[in-house]
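A.B. asks: Each chain, written out:
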Amino acid sequence: MTEFKNENIDELLSKFFSPDQAEQIKDDFASADSFFEKFPAPNPPPQILAEIKQRTAQQLENRNRISWTTVLAKTAAVAAIVVIVSAVMLLNFSQKDSIQYTNDKQQTSLWQSDTDISAFEAEITQLKNELLAINLGEETGTNGILTDRVEQVELEIIETENTFWKG
Amino acid sequence: MKKQKMSSPNDVIQLVKLCQQGEKEGFSQLVDSYSSRLYGYFYRLTGNRDDSNELLSELFLKIVEKIGTCRPETFNAWLFKMASNLFMDYIRAKKRHEKMLDQMVKEVQTEIQPLPAGDYMTDKLTRQLQRLDAETAEIIVMRYYSGLSFEELAKIRKEPLGTCLSKVHRGLKRLRQLMENSDD
Numbered sequence: 000m001t002e003f004k005n006e007n008i009d010e011l012l013s014k015f016f017s018p019d020q021a022e023q024i025k026d027d028f029a030s031a032d033s034f035f036e037k038f039p040a041p042n043p044p045p046q047i048l049a050e051i052k053q054r055t056a057q058q059l060e061n062r063n064r065i066s067w068t069t070v071l072a073k074t075a076a077v078a079a080i081v082v083i084v085s086a087v088m089l090l091n092f093s094q095k096d097s098i099q100y101t102n103d104k105q106q107t108s109l110w111q112s113d114t115d116i117s118a119f120e121a122e123i124t125q126l127k128n129e130l131l132a133i134n135l136g137e138e139t140g141t142n143g144i145l146t147d148r149v150e151q152v153e154l155e156i157i158e159t160e161n162t163f164w165k166g
Numbered sequence: 000m001k002k003q004k005m006s007s008p009n010d011v012i013q014l015v016k017l018c019q020q021g022e023k024e025g026f027s028q029l030v031d032s033y034s035s036r037l038y039g040y041f042y043r044l045t046g047n048r049d050d051s052n053e054l055l056s057e058l059f060l061k062i063v064e065k066i067g068t069c070r071p072e073t074f075n076a077w078l079f080k081m082a083s084n085l086f087m088d089y090i091r092a093k094k095r096h097e098k099m100l101d102q103m104v105k106e107v108q109t110e111i112q113p114l115p116a117g118d119y120m121t122d123k124l125t126r127q128l129q130r131l132d133a134e135t136a137e138i139i140v141m142r143y144y145s146g147l148s149f150e151e152l153a154k155i156r157k158e159p160l161g162t163c164l165s166k167v168h169r170g171l172k173r174l175r176q177l178m179e180n181s182d183d
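Which chain is which? The protein sequence lines are A and B, in order.
Per numbering that gives the first Met the number 0, the first sequence runs over residues 0 to 166.
Per numbering that gives the first Met the number 0, the second sequence runs over residues 0 to 183.
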């Protein structure tokens with residue numbers, strides 16, 4: 000067992016064993032060598048070697064093919080991810096735009112509506128003040144004219160309120 | 000054993016690099032250079048030609064798959080470590096199989112012969128090696144067929160050099176006794 004190893008067996012054994020033990024071990028190694036020489040193992044059958052060569056060549060081809068397929072698949076996957084991400088971003092952007100536009104529209108109509116309401120409210124307040132002044136007798140004069148004016152104011156109030164609730 | 004001529008370390012490195020480049024020719028040369036030694040390794044440990052054929056094929060397919068992970072400078076150690084792992088898997092599978100057989104039909108086990116008749120006549124050494132425990136037999140056979148130094152063997156086995164040497168020595172001593180006392 001010492002013939003083809005790139006090592007100094009004497010030196011190695013002397014590190015771990017006494018000289019007597021080392022001699023014994025070398026003797027055992029030599030007898031093992033003789034057993035292996037005397038009873039040689041068979042060689043592998045040639046057809047098995049041919050089969051192995053064929054199978055390894057096939058596996059090599061498959062491996063190369065797989066690696067190309069893998070590269071293609073990975074590229075396609077990356078491209079698909081880029082497309083999907085871009086589409087999602089584009090979609091998000093246009094949705095935001097649309098929401099902003101709608102918000103603007105709603106705000107404008109609310110503002111217009113607010114303007115109308117405030118006009119009506121101002122008119123109602125004015126009429127109420129006038130009515131209050133009349134009731135308190137701030138406007139003295141002939142009863143007939145006063146009554147007419149009160150009625151007129153009341154009619155205006157009713158009309159204004161009706162117009163207001165109709166929008 | 001007619002050992003295949005060991006290639007020089009530089010030749011091995013070149014060959015491994017060729018294989019790593021995915022060259023068919025490289026693998027073909029690898030089969031030519033290492034098949035006898037690896038077959039001897041498996042045959043000594045299994046005592047069975049069919050199993051050795053199968054393990055040898057499986058090993059070369061694994062080599063194709065994993066050659067990229069190997070450092071060309073330590074190819075022999077890498078190769079025999081892989082062979083050793085395959086053999087250990089084989090032992091485990093065999094034990095499971097035997098256990099199953101034992102549970103199913105106990106009487107069948109007595110009819111199973113460990114080796115075919117032809118092997119019995121020609122291979123006394125293999126039979127005696129199989130009387131050693133699997134680990135001891137494996138380290139002896141690996142030492143003989145791999146061409147690895149004790150230091151490399153110890154590294155592969157992840158054990159101290161002295162422990163590795165002692166195991167080989169105890170195994171060889173026992174093997175010698177078995178061979179000398181055998182009536183074959």
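Please keep in mind that the hints were generated in silico from the structure rather than gathered at the bench.
Where hints are given, some of them may not hold.
With beta-carbon atoms standing in for the labels, derived distance ranges [stated by the list, open to error]:
hint : chain 1 : residue 1 : chain 2 : residue 2 : range
1    : B       : Lys154    : A       : Val81     : 25 to 33 Å
2    : A       : Ile83     : B       : Glu97     : 52 to 60 Å
3    : B       : Met87     : A       : Lys14     : 35 to 43 Å
4    : B       : Leu160    : A       : Thr69     : 40 to 48 Å
5    : B       : Glu134    : A       : Arg54     : 28 to 36 Å
6    : A       : Val81     : B       : Ile12     : 53 to 61 Å
7    : A       : Gln20     : B       : Glu134    : 19 to 27 Å
8    : A       : Gln57     : B       : Arg169    : 41 to 49 Å
9    : A       : Ala79     : B       : Glu97     : 19 to 27 Å
10   : B       : Lys23     : A       : Thr69     : 14 to 22 Å
11   : B       : Arg91     : A       : Glu10     : 49 to 57 Å
If you want the ones that stay clear, here's a sample from chain B, every Cβ over 12 Å from chain A, calculated [stated by the list, open to error]:
hint : residue
12   : Asp10
13   : Gln13
14   : Glu22
15   : Asn52
16   : Lys80
17   : Tyr89
18   : Lys98
19   : Gln102
20   : Leu124
21   : Arg142
22   : Ile155
23   : Lys157
24   : Asp182
We put the CB at the ideal spot given by N, CA and C, even for glycine.
A.B. asks: Indicate, hint by hint, whether the structure satisfies it.
C.D. replies: Hints and how they fare:
{"no.": "1", "hint": "B:Lys154 / A:Val81: 25 to 33 Å", "verdict": "48 Å, violated"}
{"no.": "2", "hint": "A:Ile83 / B:Glu97: 52 to 60 Å", "verdict": "55 Å, holds"}
{"no.": "3", "hint": "B:Met87 / A:Lys14: 35 to 43 Å", "verdict": "29 Å, violated"}
{"no.": "4", "hint": "B:Leu160 / A:Thr69: 40 to 48 Å", "verdict": "43 Å, holds"}
{"no.": "5", "hint": "B:Glu134 / A:Arg54: 28 to 36 Å", "verdict": "30 Å, holds"}
{"no.": "6", "hint": "A:Val81 / B:Ile12: 53 to 61 Å", "verdict": "43 Å, violated"}
{"no.": "7", "hint": "A:Gln20 / B:Glu134: 19 to 27 Å", "verdict": "22 Å, holds"}
{"no.": "8", "hint": "A:Gln57 / B:Arg169: 41 to 49 Å", "verdict": "44 Å, holds"}
{"no.": "9", "hint": "A:Ala79 / B:Glu97: 19 to 27 Å", "verdict": "52 Å, violated"}
{"no.": "10", "hint": "B:Lys23 / A:Thr69: 14 to 22 Å", "verdict": "20 Å, holds"}
{"no.": "11", "hint": "B:Arg91 / A:Glu10: 49 to 57 Å", "verdict": "38 Å, violated"}
{"no.": "12", "hint": "Asp10", "verdict": "15 Å, holds"}
{"no.": "13", "hint": "Gln13", "verdict": "18 Å, holds"}
{"no.": "14", "hint": "Glu22", "verdict": "8 Å, violated"}
{"no.": "15", "hint": "Asn52", "verdict": "5 Å, violated"}
{"no.": "16", "hint": "Lys80", "verdict": "17 Å, holds"}
{"no.": "17", "hint": "Tyr89", "verdict": "16 Å, holds"}
{"no.": "18", "hint": "Lys98", "verdict": "29 Å, holds"}
{"no.": "19", "hint": "Gln102", "verdict": "33 Å, holds"}
{"no.": "20", "hint": "Leu124", "verdict": "4 Å, violated"}
{"no.": "21", "hint": "Arg142", "verdict": "6 Å, violated"}
{"no.": "22", "hint": "Ile155", "verdict": "14 Å, holds"}
{"no.": "23", "hint": "Lys157", "verdict": "18 Å, holds"}
{"no.": "24", "hint": "Asp182", "verdict": "15 Å, holds"}
Violated hints for the displayed structure, listed by number in ascending order: 1, 3, 6, 9, 11, 14, 15, 20, 21.
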